[in-house]
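Asker: Here are the chains, one letter per residue:
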Amino acid sequence: MSPSKKAKKTTAVRKTSAKAEPATAVLDLVTPPGPAKVESPRSGQQQEGRYVYGVIESRTPVGFGRSSIGGVNEDVYTVHYGDIAAVVSRTPVFIFDPTRDNALAHEHVIESVMKNYTIIPMSFGTVFRTDDDIREVLKSIYSSLKDVLKQMTGKLEFGLKVTWDRDRIIEELQREHDEIHRFHLELTRKHLQSTYFARMQLGRMIDKALAELAANYVREIYDGLRAVCVASRDNKPIGDKMIMNAAFLIQKAREAEFDAAVNRVAQKYGDRLNFKYTGPWPPYNFVNIRLKLERGGQG
Amino acid sequence: MAVERVSGGSSLIDVLDRVLDKGIVIDAWVRISLVGIDLITVEARVVVASIDTYLKYADAVGLTGLVSRPTLSEGDSEGGEGKPIEVRPRTSRTPRRRR
Chain U
1 MSPSKKAKKT TAVRKTSAKA EPATAVLDLV TPPGPAKVES PRSGQQQEGR YVYGVIESRT
61 PVGFGRSSIG GVNEDVYTVH YGDIAAVVSR TPVFIFDPTR DNALAHEHVI ESVMKNYTII
121 PMSFGTVFRT DDDIREVLKS IYSSLKDVLK QMTGKLEFGL KVTWDRDRII EELQREHDEI
181 HRFHLELTRK HLQSTYFARM QLGRMIDKAL AELAANYVRE IYDGLRAVCV ASRDNKPIGD
241 KMIMNAAFLI QKAREAEFDA AVNRVAQKYG DRLNFKYTGP WPPYNFVNIR LKLERGGQG
Chain F
1001 MAVERVSGGS SLIDVLDRVL DKGIVIDAWV RISLVGIDLI TVEARVVVAS IDTYLKYADA
1061 VGLTGLVSRP TLSEGDSEGG EGKPIEVRPR TSRTPRRRR
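First to last, the protein sequences are chains U and F.
Per our numbering, the very first residue in the first sequence carries number 1; after that it's consecutive.
Per our numbering, the very first residue in the second sequence carries number 1001; after that it's consecutive.
Don't read these hints as lab results, they were simulated from the structure.
Hints are not guaranteed to be accurate.
To be verified - Computed beta-carbon distance windows for the label pairs:
| hint | chain 1 | residue 1 | chain 2 | residue 2 | range |
| --- | --- | --- | --- | --- | --- |
| 1 | F | S1010 | U | D223 | 37 to 43 Å |
| 2 | F | I1013 | U | R189 | 25 to 31 Å |
| 3 | F | L1012 | U | S143 | 33 to 39 Å |
| 4 | U | R182 | F | V1006 | 42 to 48 Å |
| 5 | U | D165 | F | L1020 | 28 to 34 Å |
| 6 | U | D234 | F | S1010 | 46 to 52 Å |
As the list claims (entries may be wrong) - Calculated pairs, SDA-like style, for lysine to any residue (alpha carbon to alpha carbon, straight line, at most 25 Å):
| hint | chain 1 | residue 1 | chain 2 | residue 2 |
| --- | --- | --- | --- | --- |
| 7 | U | K115 | F | G1009 |
| 8 | U | K150 | F | V1003 |
| 9 | U | K115 | F | D1021 |
| 10 | U | K252 | F | E1004 |
| 11 | U | K268 | F | D1021 |
| 12 | U | K146 | F | V1025 |
Think of the CB as a built atom: it goes at the ideal place given N, C-alpha and C, for glycine as much as any other residue.
Use the sequences and the hints to build the structure in full.
Answerer: So this is what it looks like as structure tokens:
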């Protein structure tokens, strides 16, 4: 209720006033085709920017091969602030479409960084104008980045998607689930009068049984993996065949153990459940840093 | 049935699932209306900055903690409940307070 609270909520949009100190200067969003109005020291190349892949811990410059993002072929290098560094490559200032090529180029760089470093990944398509801008960002969120880097050191993410053959499971339910079986028989044999509603009812029974079954499987799978992981995250399954869409954070040292656990769990279900196991990923599902850029001056 | 692990880059869907909106996300949407003409029609999600960029935090962070309970400190684990790790920005939020 206090006015100051309220003011706080809305500052995100309104932000600073004329009183703004120089530090809050201008954030300039740049459109690709727009006229370059940034007075950068390198005014000859205003259109050049830096694509940022993520942040690592390192005091010394590191190279990570080349990146083909945006259809160019540029060195991947580091921009430092103290003991942390952004992994970047040169690029035109450009809005990147997440095409197959671009997404895979991004991922490819991340993978080569991960061979030797813990990387906090940046979301796809982040472009800064200059190395100095990047340093500025690193500086302003330094302590958060350090904290996250510290917590993610030596950890990897793995993805596990579990699907089943829904139709087959339904058939099984109709054969083996007492209640559903009986009801199904009645429906087919007796030509229930109100077939429509009876079918609706059957459908609901089946849905419920499917959900229960899926929840049981998912619980069992988590139980089988929990001891080997640091944390897990349950994402929403995609489509009606998927029953589990999870991410696991694993100690690198226990990678083999986790592999074995996944296999053990998967074997238990034979071909009833289908496991899709991916990784290693950087900890996408376990790091969520949202930055808001704010413009100083008059809004 | 053995499960084979496939590397991240081999599945575009899994890549997109992650790279588009996870990790460090710079969210410039809010700004668009402020920045003016050039940007209104463009999804300027992330093309950002100039030399005098100033970056602030709105809300920062944390390990996402739905099912997860990243207690990353102690070696224990049981990915159930738990509070997400909070990372607080050092940068001040400089809300204008009037009293």
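Asker: The structure should be examined with respect to each hint, and the outcome stated for every one.
Answerer: Status of each hint after checking the structure:
In this structure the supplied range 37 to 43 Å is violated for F:S1010 paired with U:D223, their Cβ-Cβ distance being about 28 Å. For the hinted restraint 25 to 31 Å between F:I1013 and U:R189, the CB-CB distance of approximately 44 Å leaves it violated. The supplied range of 33 to 39 Å is met by F:L1012 and U:S143, whose beta-carbon atoms lie about 35 Å from each other. Checked against the hint of 42 to 48 Å, the pair U:R182 and F:V1006 passes, with Cβ atoms roughly 43 Å apart.
At about 29 Å, the beta-carbon gap between U:D165 and F:L1020 stays in the expected band of 28 to 34 Å. Range check, U:D234 to F:S1010: about 23 Å between beta-carbon atoms, so the 46 to 52 Å window is missed. Note on U:K115 and F:G1009: the hinted pairing holds, with a Cα-Cα distance of about 14 Å set against a maximum of 25 Å. Restraint check for U:K150 and F:V1003: not satisfied, since their Cα atoms lie roughly 31 Å apart, outside the 25 Å limit.
Between the alpha carbons of U:K115 and F:D1021 the distance comes to roughly 23 Å, so the proposed pair stays at or under 25 Å and holds. Proximity of U:K252 to F:E1004 is assessed by CA-CA distance (about 18 Å); at most 25 Å being required, the pair is judged to hold. In summary, the hint linking U:K268 to F:D1021 is not supported, as the alpha carbons are separated by about 34 Å, beyond the 25 Å threshold. Using a Cα cut-off of 25 Å, the hinted pair U:K146 and F:V1025 holds, with the two alpha carbons roughly 16 Å apart.
Comparing the model with each numbered hint stated earlier shows that hints 1, 2, 6, 8 and 11 do not hold.
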